[in-house]
Amino acid sequence: MADALRLHPDRFFPPDRAERDAARAVYDETAGLPIVSPHGHVDPALLAEDRPFPEPAELLITPDHYVFRMLHSQGVPLDALGVPRADGSRADVAPREVWRLFCAHWHAFAGTPTRAWMEYELHELFSVEVAPSADTADRIYDQIAERLASPEYRPRVLFERFGIETLATTDAASSALEHHRALDADDWNRPTPPNGAADGSAGARRVIPTFRPDALVQIARAGWSDHVQRLGELAGGAIEDYDSFAAALRRRRADFAALGAVATDHGAETARTGWLPEAERDAVFARALGGAATAEDEAAFTAHMLMAFAEMSADDGLVMQLHVGALRNHDRPLFERFGADKGADIPVATEFTRALRPLLSEFAGGTDRDTAAADGAGRPPFRLIAFTLDESTYARELAPLAGYYPGLVLGPAWWFHDSVEGMLRYRERTTETAGFYNTAGFNDDTRAFCSIPARHDLARRVDAHYLGRLVARHQLGLSEAREVGRALAYDLPRRAYRLDRPAPATAGGAAHARTDGVLA
Amino acid sequence: MADALRLHPDRFFPPDRAERDAARAVYDETAGLPIVSPHGHVDPALLAEDRPFPEPAELLITPDHYVFRMLHSQGVPLDALGVPRADGSRADVAPREVWRLFCAHWHAFAGTPTRAWMEYELHELFSVEVAPSADTADRIYDQIAERLASPEYRPRVLFERFGIETLATTDAASSALEHHRALDADDWNRPTPPNGAADGSAGARRVIPTFRPDALVQIARAGWSDHVQRLGELAGGAIEDYDSFAAALRRRRADFAALGAVATDHGAETARTGWLPEAERDAVFARALGGAATAEDEAAFTAHMLMAFAEMSADDGLVMQLHVGALRNHDRPLFERFGADKGADIPVATEFTRALRPLLSEFAGGTDRDTAAADGAGRPPFRLIAFTLDESTYARELAPLAGYYPGLVLGPAWWFHDSVEGMLRYRERTTETAGFYNTAGFNDDTRAFCSIPARHDLARRVDAHYLGRLVARHQLGLSEAREVGRALAYDLPRRAYRLDRPAPATAGGAAHARTDGVLA
Amino acid sequence: MADALRLHPDRFFPPDRAERDAARAVYDETAGLPIVSPHGHVDPALLAEDRPFPEPAELLITPDHYVFRMLHSQGVPLDALGVPRADGSRADVAPREVWRLFCAHWHAFAGTPTRAWMEYELHELFSVEVAPSADTADRIYDQIAERLASPEYRPRVLFERFGIETLATTDAASSALEHHRALDADDWNRPTPPNGAADGSAGARRVIPTFRPDALVQIARAGWSDHVQRLGELAGGAIEDYDSFAAALRRRRADFAALGAVATDHGAETARTGWLPEAERDAVFARALGGAATAEDEAAFTAHMLMAFAEMSADDGLVMQLHVGALRNHDRPLFERFGADKGADIPVATEFTRALRPLLSEFAGGTDRDTAAADGAGRPPFRLIAFTLDESTYARELAPLAGYYPGLVLGPAWWFHDSVEGMLRYRERTTETAGFYNTAGFNDDTRAFCSIPARHDLARRVDAHYLGRLVARHQLGLSEAREVGRALAYDLPRRAYRLDRPAPATAGGAAHARTDGVLA
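Residue numbers (the working numbering), protein chains in the order written: chain A, 1 to 520; chain B, 1 to 520; chain C, 1 to 520.
Bear in mind the hints are in silico, worked out from the structure with no lab data behind them.
Among the clues, some could well be false.
As the list claims (entries may be wrong) - Non-contacting residues of chain A with respect to chain C, defined by C-beta distances greater than 10 Å in every case (computed): (1) ARG24; (2) GLY40; (3) PRO54; (4) MET70; (5) HIS107; (6) GLU124; (7) ARG287; (8) GLY339; (9) PRO358; (10) LEU389; (11) PHE416; (12) LEU478.
What the hints assert, rightly or not - Restraint ranges, calculated between C-beta atoms of paired labels, are given here: (13) C:GLU278 <-> A:PHE335: 24 to 34 Å; (14) C:GLU129 <-> A:ALA4: 42 to 52 Å; (15) C:ALA176 <-> B:ASP21: 37 to 47 Å; (16) B:ALA182 <-> C:GLU129: 36 to 46 Å; (17) C:ARG221 <-> A:ALA295: 53 to 63 Å; (18) C:ARG221 <-> A:ASP43: 37 to 47 Å.
Claimed, not checked - Some, not all, of what chain C presents toward chain A, calculated at C-beta under 10 Å: (19) ASP3; (20) TRP188; (21) ASN189; (22) HIS266; (23) THR270; (24) PHE335; (25) VAL348; (26) PHE352; (27) GLY403; (28) ASN438; (29) ALA481.
We treat Cβ as the ideally placed atom computed from N, Cα and C, and that holds for glycine.
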């Protein structure tokens, strides 16, 4: 007989009664809040076009590297899963066979967040009531396929069913943003806010882009000049030197902001920052245009551009996000056959204290500077949100930095660490030095649209777990814990990313009184 | 209505009943023990002069970088808090306004040790019964101000009320020690010990200095030659070369010891140790005297001086403390305006295994050496107490080193890690390899005199928490757990720092039998 | 009165009732399973000769660096413990005095795994019922000595009493393997398997060797040429260049495999891997033969040889084990007097992501390669089992690598981390990314034969603890948790090391149904 698939109402809470009761009370406060998703990788075409989803394997397995990397580690070839190859071809496998492979390896996911998210999706979204296995694979496949054919499973219907308030995508700086332009012209993307006031703020849009210029900074890679050329075309002027390059970036940032963008996103292997002297900067850029940039040129130029992007953010108010510490495409032969984003990006030890000093020291101090003129202009202060894959930096570097610099906010537990123990470690290692209010709440960071509510639910439960522990240890009163829970789930991501809509009423019912001071 | 401020009797204990009951039993054993504070930064003038404390903000906010760094991170300028600037000036703000800013940001401290310490101080010391907030700020301010005016709040009265047995301050090697000289002439500083025996040991003093020579080692910094000149004056001889420098340091160590010092303290960015060959050492010192020392000179000379100080400790018996791993004054513009110790010291990754090898290999082996002559002299064995800000070194480097070398003892969780989760991580990562008896008990390390009992209470509660867990998991019997708890709270710091007074009777009442072997 | 020594049936389980009940249920599943010990350091002479054990100190104290390093850290000289010196001499101390020293320092082991193992051995093996102390030392000594004299305490009787199915020793590549040859000729070493089928597989032996060639790779050390000469003699051909060296290694691997070896073991300070170009490789080897290899030569050659050994493993199917990150013989003066393995090996920070990339990328990808020819040959796929002393690499590097590469399996928590908290951290940091099925189960890694059942019992209890937590948090159903527990205790080590005997029936009674897919 097949094992039942159920979602226990106390899942992910601490088993101790005092802790669990407090965790429940905090979760009651946050479970019904809208989803704010200020950082992720959903394809904007999905919501711009609103086409039905394909069958189960194409929806849940093939595009999700969390899923197929685990199957690969257990000896399942990517070709057997129909994962697209670098040359655009694809092994000829039936989706149902892919689904069967996944179900037969369900045991391999025991104890992982993928298991937790998938259980949520199968049960909550598709009403599956048996655990995947070789025996149940076909039954589940058919059930999901049937649902996907119904209009209630169209992307926009799900978007609203999920309770998503804002969803940010991630878009190359040289993207034409055609889907965001389509969304901009679509009434669906600008709903009347709950309080009736059409405030026109960025937060009033449902789907917004995020400016990601990494490919333009990687001056030693093969495709760089193509990206630069495309940037020039989109920004309306040929790029002949560093100055025209920087000017084009500024114009493109304005294009993104006009479509609702509130943030930029930057990925790099290290957190190194620092201005290049002008002459050197120009020489490096010239070498890059000539196709002769070296790896060290790229590293130095990346450090320089992080300073330049910080300066642009200080000017245009886009929040700057920095994700560092992954060595991409570790498995070279597989990269040659299948290309990037195949689960083979592996973290490395990361240094922030020295690396970020130039940037933070110049831009993130925020107060007590000789910057009266700038402040007088009424611009929002500079803000950097930093993410790490090296957990040893939480307590050692990032929490001390965020607990000091007004212009630095900690992004949530990222990627491999977006899990029960991973999120608990994040709170345990950052809260005592940085508090809760120097963190940015949760990011789902996902390409898998259907996993968004599963991921936010897990995060809210784990934050409730942590807060429940503080209450049961008498470190925090329950009413303050509920307050903090609400901030983590809703108020802080909105504040961190400047999505300034008025807060909706609490889903739980009773209005929740807060002093304005808390999240000013 | 304002939230109540209460201290739950089970605060910081594990919520599970079996663990909590055992934790309570351990804490019952330790709660009433005298406070031994062998490492801290209280100004000795406070107790030498015994003047009344000023008003609340000056006592609790302005001098405490734990407090004002968090406010700064939330956008409050240091000038708005009246923090003194580097040039000696100070923004003209009313103390009551400073206090209001602190209370309005009380939420930012949720989950931090500063919150825990402050709750203890407000409630236990000043009988405050409402939580700070914008609404309650004035009421609390007035209540504390009123208490401070009373003779019961004079420093020496509080010292005794806190149950402090020994308090070590930290004093520059080139300090004239005028306050410690005054204390030395003051009967208050040499109380009759509980058992009536005036034993004349270092531990018989209440307030003692600690020898900190860092400024004399930083040969590439601007003020170095001033410190050297002052050292020469105090030690009675001009410093013209390395030999006269070393001789002066030895004389000054003797001066400190004569005033009760039992230890030295050394801070450095890294743990690098190693002798310079004589010729190189002399050349570096000559360059320093000529104002031409480089950064690498300073690093190499620091490594050399740690060896030299270890050799001096092996001779004069002063316990050597080493604190490494903080990058000082990370925020350069703020450092220029406000100077050092403004909450902008940020940890960096630290290496101990290779760095300490020369020092430990030469001085800390302690047994099985060809050192019969030295041992025969009856001198106490060399002892180094090491502190880290990089928790990844606890289980990887420091516990394995301390669980091997007889001359190495682990200092407690330090600075950012002096917190509930931080202290639990410390015990979880060090105990299984080094045991409890290779650790030094607790240090409060504080400048904030009124926080001393709060910090020791928290540490005793967290150690009781950890021990309660071991009991509930059947890893340790309750009577042995109580024994260990008492060692951590009282016996081990006294042993580690050689404060050899006879142990007082247990505050809890019944005498507590121990074999002498345990702490010999 | 002496404290009682008892073993609580719930020891090491979580105290919370829901967690503990689930932990008990998992442990019920695993407690009676046979012991698979695929990596350790027991002397094969012990079982080849089956002589009685000597007295208690020689059995439990003198050869166990876990025990004597802690005593040494508390100031007990190694000579006082009768530890053999490098020159073969030994201080003249009575074994009973050694035992007394150990018992008098019993408190120093509070909270350590050595305490837990020793309690198990004393109580389960020797029926000791009082805790060691100065008072009870003699009584316990006599009791153990009496038992050791009985035939029921001979090594082979204990081997069977412990329920050991397979025990791998670790043997130098240049060992003559005389004890393993004796065992090979001994019926005791090839029992009839439980199901009656004498399958002739490696797993059908009780005691097997492991190929450890480290001494042959350390080309800059004094004794290297002796090892090489010995290798040549054993492999039947003089070693004159790299090619004859590599050929001799291959022949010796075949010798080990013929005696049942299933694995090789490699220790290095770092995880650096990478081929040397042929000319450079030959030049380095020639320099080594000439006695002129440098430290950098050795490091580069070690990196090269790890590639070469991986290639050999891909050919002959021996599982490759890699242990890195210990700085050996930290205390130089003690090393000169007492030699290696005296508790002074100290971990260092370790990097895997970049260091292992050449090896994993070439050998561990396993699928989706242009290796149809090789796969067609029916050889088992390459497998590396990696161990670390740097826990910061669990979640950051090793779990992401093992959760991706089919040819990489994670070894268990190693050495200093083979402890309650250490094993919990291992599961907490690896499971969410790599799952359970990319780990190798438990290794006892011990020289102390009598500690084998203690160590396996502790590991099974801690895995039950972790699984009980997942059940109580509703992350895993109880029946799946029991399944996983069984895999960790028995199936996974057998799979990881290719010990392919049919699984015995569950000791607990009821047969335990599993799909074959899980551990195919």
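To see whether the hints hold, each was checked on the structure:
1. For A:ARG24, the requirement that its beta carbon stay farther than 10 Å from each beta carbon of chain C is met, with the minimum near 13 Å.
2. Look at A:GLY40: its CB is around 20 Å from the nearest CB on chain C, clear of 10 Å, so calling it non-interface holds up.
3. The beta carbon of A:PRO54 sits about 23 Å from the closest Cβ of chain C, which is more than 10 Å, so the claim that it is off the interface holds.
4. Residue placement check: A:MET70 does not keep its beta carbon more than 10 Å from all beta carbons of chain C (closest about 6 Å).
5. A:HIS107, annotated as away from the interface, has a beta carbon of chain C within 10 Å; the closest lies near 5 Å.
6. Even its closest Cβ contact with chain C, about 15 Å, leaves A:GLU124 beyond 10 Å, as expected for a residue assigned away from the interface.
7. No Cβ of chain C comes within 10 Å of the Cβ of A:ARG287; the nearest lies about 26 Å off, and the non-interface call holds.
8. Listed as outside the interface, A:GLY339 is consistent with that label: its C-beta sits roughly 12 Å from the nearest C-beta of chain C, beyond the 10 Å cut-off.
9. Distance to chain C confirms A:PRO358 as a non-interface residue, since its nearest Cβ pair spans about 25 Å, more than 10 Å.
10. At roughly 6 Å from the closest C-beta of chain C, the C-beta of A:LEU389 falls inside 10 Å, breaking its exclusion from the interface.
11. With a minimum CB-CB distance of about 5 Å to chain C, A:PHE416 fails to clear the 10 Å threshold, and the non-interface call is violated.
12. No Cβ of chain C approaches the Cβ of A:LEU478 within 10 Å, the least distance being about 20 Å, so the stated non-interface status holds.
13. Between C:GLU278 and A:PHE335 the Cβ separation comes to about 26 Å, which falls inside the hinted range of 24 to 34 Å.
14. Between C:GLU129 and A:ALA4 the C-beta distance comes to about 47 Å, which sits within the given range of 42 to 52 Å.
15. Judged by the Cβ atoms, the range 37 to 47 Å given for C:ALA176 and B:ASP21 is violated: they are separated by roughly 59 Å.
16. For B:ALA182 and C:GLU129, the Cβ-Cβ distance of about 60 Å falls outside the hinted range of 36 to 46 Å, so the restraint is violated.
17. Under the hint 53 to 63 Å, the C-beta atoms of C:ARG221 and A:ALA295, about 35 Å apart, miss the expected range.
18. Between C:ARG221 and A:ASP43, the C-beta spacing of about 58 Å breaks the proposed range 37 to 47 Å.
19. A least Cβ separation of about 30 Å between C:ASP3 and chain A goes past the 10 Å threshold, and the interface hint is therefore violated.
20. The restraint placing C:TRP188 at the interface with chain A is violated, with a minimum CB-CB distance near 37 Å, outside the 10 Å limit.
21. With a cut of 10 Å, the hint placing C:ASN189 at the interface with chain A is violated, because the nearest CB-to-CB distance is about 32 Å.
22. For the restraint placing C:HIS266 at the interface with chain A, the shortest Cβ-Cβ distance is roughly 21 Å, beyond the 10 Å limit, so the hint is violated.
23. For the restraint placing C:THR270 at the interface with chain A, the shortest Cβ-Cβ distance is roughly 13 Å, beyond the 10 Å limit, so the hint is violated.
24. Interface hint at C:PHE335: violated, since its Cβ lies 30 Å from the closest Cβ of chain A, which is beyond the 10 Å cut-off.
25. Look at C:VAL348: its Cβ only gets to about 13 Å from chain A, farther than 10 Å, so that hint breaks.
26. Hint status for C:PHE352: holds, given a least beta-carbon distance of 9 Å to chain A, under 10 Å.
27. Satisfaction of the interface hint for C:GLY403 is found here, the shortest Cβ-Cβ separation to chain A being roughly 5 Å, below the 10 Å cut-off.
28. The interface hint given for C:ASN438 is met, as the beta carbon of that residue sits about 5 Å from the closest beta carbon of chain A, less than 10 Å.
29. At its closest, the beta carbon of C:ALA481 sits 8 Å from a beta carbon of chain A; the interface hint therefore holds under the 10 Å criterion.
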